[in-house]
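Q: Between the sequences and the hints, there should be enough to build the whole structure, so can you do that?
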Amino acid sequence: MAEKAPGVLAVIHHGNAPTLYRPDNDFMSASKPGEARVVFEDDRVHYSGQYVAIIVAETLEQARYAAELVQVSYAVEDPTIETDAALDSAYLPDEFFGEKLTTTRGDPDVALSRAAVTHAATYTTPIEHHNPIEPSASVAVWNGDELTLYETTQWVAGARKTVAQTLGMPEEKIHIVSPFIGGGFGCKGFVWPHSILSAVAAKRVNRPVKLNLTRKHMFSACGHRSETKQYVQLGAERNGRLVAIDHDTVVQTSMVDEFVEACGNTSRFLYSCPNVRVRHRAVRVNVATPTPMRAPGENPGLFALESALDELAYLLNMDPVELRIVNHADVNEQARRPWSSKYLKECYRMGAERFGWAKRAPQPGSMRDGNVLVGWGMATATYPGIRSPGAAKVRLLQDGHVDVVSATQDMGGGTYTTMAQIAADVMGIAIERIRTVLGDSLLPPAPVSGGSMTTASILPATRKAAQDALSKLRHLAATMPASPFTNRRPDDIVAEGGRVFPKGAHPSSGLPYEDVLKRTNQTEIEGEGYTEPGPERDKYAFQSFGAQFVEVRVDPEIAKVQISRVVSAFDVGKIVNAKTARSQGYSGVVMGVGVALMEHTVYDSRDGSIITSNLADYAIPVNADTRSIDILFVDKPDPFIDSDGLGARGLGEITVTGVAPAVANAVYHATGRRIRDLPITPDKLL
Amino acid sequence: MLRDEPTLTPLAGCTDLYVALNFGTLKDTRFLDLWRLDRLRKIELRGGALSIGALATFTDLIRSTLVRKRLPMLAAAARDVGGVQIQNRGTIGGNVANASPAGDTLPVLAAADAVVVLQQAGGIRRVPFDGFYTGYRQTVRRPGELIVGIEIPPVRGRQFFRKVGTRAAQAISKIVMAGILGPATGSGRTARIALGSVAPTVVRVPRTEAALASGASIEAVQRTLMEEIAPIDDLRSTAEYRRRVAANLLARFVCGASRG
Ligand SMILES: Cc1cc2nc3c(=O)[nH]c(=O)nc-3n(C[C@H](O)[C@H](O)[C@H](O)COP(=O)(O)OP(=O)(O)OC[C@H]3O[C@@H](n4cnc5c(N)ncnc54)[C@H](O)[C@@H]3O)c2cc1C
Numbered sequence: 001m002a003e004k005a006p007g008v009l010a011v012i013h014h015g016n017a018p019t020l021y022r023p024d025n026d027f028m029s030a031s032k033p034g035e036a037r038v039v040f041e042d043d044r045v046h047y048s049g050q051y052v053a054i055i056v057a058e059t060l061e062q063a064r065y066a067a068e069l070v071q072v073s074y075a076v077e078d079p080t081i082e083t084d085a086a087l088d089s090a091y092l093p094d095e096f097f098g099e100k101l102t103t104t105r106g107d108p109d110v111a112l113s114r115a116a117v118t119h120a121a122t123y124t125t126p127i128e129h130h131n132p133i134e135p136s137a138s139v140a141v142w143n144g145d146e147l148t149l150y151e152t153t154q155w156v157a158g159a160r161k162t163v164a165q166t167l168g169m170p171e172e173k174i175h176i177v178s179p180f181i182g183g184g185f186g187c188k189g190f191v192w193p194h195s196i197l198s199a200v201a202a203k204r205v206n207r208p209v210k211l212n213l214t215r216k217h218m219f220s221a222c223g224h225r226s227e228t229k230q231y232v233q234l235g236a237e238r239n240g241r242l243v244a245i246d247h248d249t250v251v252q253t254s255m256v257d258e259f260v261e262a263c264g265n266t267s268r269f270l271y272s273c274p275n276v277r278v279r280h281r282a283v284r285v286n287v288a289t290p291t292p293m294r295a296p297g298e299n300p301g302l303f304a305l306e307s308a309l310d311e312l313a314y315l316l317n318m319d320p321v322e323l324r325i326v327n328h329a330d331v332n333e334q335a336r337r338p339w340s341s342k343y344l345k346e347c348y349r350m351g352a353e354r355f356g357w358a359k360r361a362p363q364p365g366s367m368r369d370g371n372v373l374v375g376w377g378m379a380t381a382t383y384p385g386i387r388s389p390g391a392a393k394v395r396l397l398q399d400g401h402v403d404v405v406s407a408t409q410d411m412g413g414g415t416y417t418t419m420a421q422i423a424a425d426v427m428g429i430a431i432e433r434i435r436t437v438l439g440d441s442l443l444p445p446a447p448v449s450g451g452s453m454t455t456a457s458i459l460p461a462t463r464k465a466a467q468d469a470l471s472k473l474r475h476l477a478a479t480m481p482a483s484p485f486t487n488r489r490p491d492d493i494v495a496e497g498g499r500v501f502p503k504g505a506h507p508s509s510g511l512p513y514e515d516v517l518k519r520t521n522q523t524e525i526e527g528e529g530y531t532e533p534g535p536e537r538d539k540y541a542f543q544s545f546g547a548q549f550v551e552v553r554v555d556p557e558i559a560k561v562q563i564s565r566v567v568s569a570f571d572v573g574k575i576v577n578a579k580t581a582r583s584q585g586y587s588g589v590v591m592g593v594g595v596a597l598m599e600h601t602v603y604d605s606r607d608g609s610i611i612t613s614n615l616a617d618y619a620i621p622v623n624a625d626t627r628s629i630d631i632l633f634v635d636k637p638d639p640f641i642d643s644d645g646l647g648a649r650g651l652g653e654i655t656v657t658g659v660a661p662a663v664a665n666a667v668y669h670a671t672g673r674r675i676r677d678l679p680i681t682p683d684k685l686l
Numbered sequence: 001m002l003r004d005e006p007t008l009t010p011l012a013g014c015t016d017l018y019v020a021l022n023f024g025t026l027k028d029t030r031f032l033d034l035w036r037l038d039r040l041r042k043i044e045l046r047g048g049a050l051s052i053g054a055l056a057t058f059t060d061l062i063r064s065t066l067v068r069k070r071l072p073m074l075a076a077a078a079r080d081v082g083g084v085q086i087q088n089r090g091t092i093g094g095n096v097a098n099a100s101p102a103g104d105t106l107p108v109l110a111a112a113d114a115v116v117v118l119q120q121a122g123g124i125r126r127v128p129f130d131g132f133y134t135g136y137r138q139t140v141r142r143p144g145e146l147i148v149g150i151e152i153p154p155v156r157g158r159q160f161f162r163k164v165g166t167r168a169a170q171a172i173s174k175i176v177m178a179g180i181l182g183p184a185t186g187s188g189r190t191a192r193i194a195l196g197s198v199a200p201t202v203v204r205v206p207r208t209e210a211a212l213a214s215g216a217s218i219e220a221v222q223r224t225l226m227e228e229i230a231p232i233d234d235l236r237s238t239a240e241y242r243r244r245v246a247a248n249l250l251a252r253f254v255c256g257a258s259r260g
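Protein sequences appear in the order of chains A and B.
Our numbering puts the first residue of the first sequence at 1, with every later residue one more than the last.
Our numbering puts the first residue of the second sequence at 1, with every later residue one more than the last.
Straight line, CA to CA, 25 Å or less: simulated BS3-like cross-link-like pairs of lysine-lysine:
| # | chain 1 | residue 1 | chain 2 | residue 2 |
| --- | --- | --- | --- | --- |
| 1 | A | Lys216 | B | Lys27 |
| 2 | A | Lys636 | A | Lys345 |
| 3 | A | Lys4 | A | Lys203 |
| 4 | B | Lys27 | A | Lys4 |
| 5 | A | Lys100 | A | Lys539 |
| 6 | A | Lys518 | A | Lys503 |
No lab work stands behind these hints, which were simulated from the structure alone.
Computed from a predicted model, the values in this text were never measured in an experiment.
A: Here you go:
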């Protein structure tokens, strides 16, 4: 029926899809599908929202209409939707993204049994969806046997390889373009079926095909954060020194792939503690495959650990900041390495000072404003300082413009800006003369815009490329006949501040960069930069830290939490651009408030369908839900993160990590109610 | 036009209709655009009653000095609707016709004993708000009939409006309450109280009102209210939360210091 509907060009499904291949499912080799099962691979439906057919029509309306005519007959089975229903079949995944998922240091059981003070509790976090305001989309254009995909991807290089393998094509024949992204938060990191579908459909109908996901699709077609259940046990001496940490996590993964939200991994090293055990178990449920979502692991993991630490502080009658300082980890005790640089104590100090923490009355419910209960809470924030190989080129053109290019991406975080800024700095020219071109797989390779690695990976490469361009310019100048540089070696020529001039001479005696090109008849000069992490990775532990302080106001009549103030202080190495850095801080805090108070995807346990698949029922914060947000940076360069002396670690993810526990801790301080189950909705507080 | 084709779906600001269209739950395919009927946008006094045209937007209500003076709780309700864009497009007629139990102006109109003015080619009829809703998303409006306005008789007493949503704006109500507290009668006080999001339609709570009039203690009145309403657990909240918060809001309303 659907085939004959007006305007329909093709109906593609399991029965008539072309052969597709499972690509390598390996992040490290840059081939990473969102889900191992290839779309239309079999005729089983593993979760609600899985694609069963795709319809291409002349217009969107015709395609939608035809979609309603498709009849699917199902042999109905009982789905497993909830973690508890699957607990009996929980298994121990071995490794995830190269990290062990079960580790023990010392003897936590003995330490816990002997500890002067212990705390144990279960913390749970719900399924959350990224919900960038721009939904994912894919436009496929074939030109002979070559495919161009216009994508919303955080990783053009990964998309190219993954799509190539899935379609069984050489990588060179695939071109991925993704110049701008309206937010991603992880759901655009890997290749999801819609990109394969648009390519397959365009081939089938022999014309370009556009496939946009609706908001509803965004809840089933590009990943989510798994639900987590975390049992945390802490043992401490009376003076607050931790003697044992046991962090035991159960997460969900799908029937068709394995993704583990590694909640406990931070607990291995965030504090100094001789006896630590971390374990992750997974259950398989009939829900789509989870994927990284801003600070995967750290975000729910710190909710559990930092809530538990707050509870311990009350048991010890100790200030929460003080408890954290007492347990400060001077080295990474898990990796047994010194930190590359660490200013966490400075973060506590800066944050506490700005927040006015010293005026906190410790007793829960003791700070009121009229009828309203006021609470102050804090938590440590952290995220690793990841760095990957990356390349960039800097092209100086005859018209004086400079192109800075790399196959990295900008999700809205400011990569365009910071790359231009670095190039402008090195070349000593106005930033207006720089054009940055990103998000195209033909450009020099770059890593995924994820894991907070872009700044540390791409800016050193950009700097190198700019320096290389200047060096080539000096060499070129040295070849110029009848010029101020005649008979000079490149080393005796200076290129800086926009001008090339003889060493020792006044800049005005030389020429503008572009004149050197003109007078040598060169259309452009291309500088190349490639940088990669080196042996420093085996010597130091790279980690960013922060402290986040939250004030909540709870109206007891309606049990509703209003976030009135958030102060965050971060140590993320050198701050390259104060504005883009602060914006990451704001967005992390706002997202954290969503995690703490609102975000929660609800599934119907009978058939696994998603009840909250829209932005009215899946609430994310609006401006009025956060009031004053202060972002502070220690701004001290990390001396080892890059050999080029930039010293910047990324900061996309750390900014969200401490918010939810700080809110929960503030809510306890305001109300005396400890909520260990996110989000903290009013019904839980009544 | 409606006489010839009574099944035409009227459309006003489209802020509900578009959502339904996008969700694929909109069955209708033929529409009648009312947006340019400026005559239905007037807010005026008519024979002592406040008369509000069906096409008055929430922004119109917020800006109207008449509304602010005579029915401040309606202005408060309008201010809590969606965000500015929705306030500029959404109409009071659409809010009433859409018949959602979470419609924010509905408890105000219920408490104020408003009258819905319906018109079709044959003539006008006036339906008291009390009798307008017959069930979940069901009204007495007949096909071919338009809501042309709302009439609100003079209100005496202190007004109260409070909405509790999932977030600070763009939020569907977990619970919403409007009330008018009249002068003391003997030992008690006359009160008219209506709630949204606690039943399939907006509801008045006559037993609670009677308890207040009889001079019962606030605790007793709260207990009556908690018995009188029968909210459900859903996505946005729990029945227990709605019951207890309804009681808390009632106490706040009756004992003073109201926001609305
Ligand atoms: C983002 C968003 C946020 C929202 N927030 C809120 C909120 O906080 N509180 C709230 O109460 N609502 C909210 N709404 C719902 C909506 O804005 C209101 O219900 C609004 O009053 C609808 O008015 P409208 O003119 O847009 O109606 P339309 O969408 O045009 O029509 C709605 C229904 O009423 C019928 N209708 C409209 N006018 C008439 C008439 N004169 N006679 C007969 N039938 C008529 C239509 O046929 C249709 O069935 C929100 C909607 C959106 C999209």
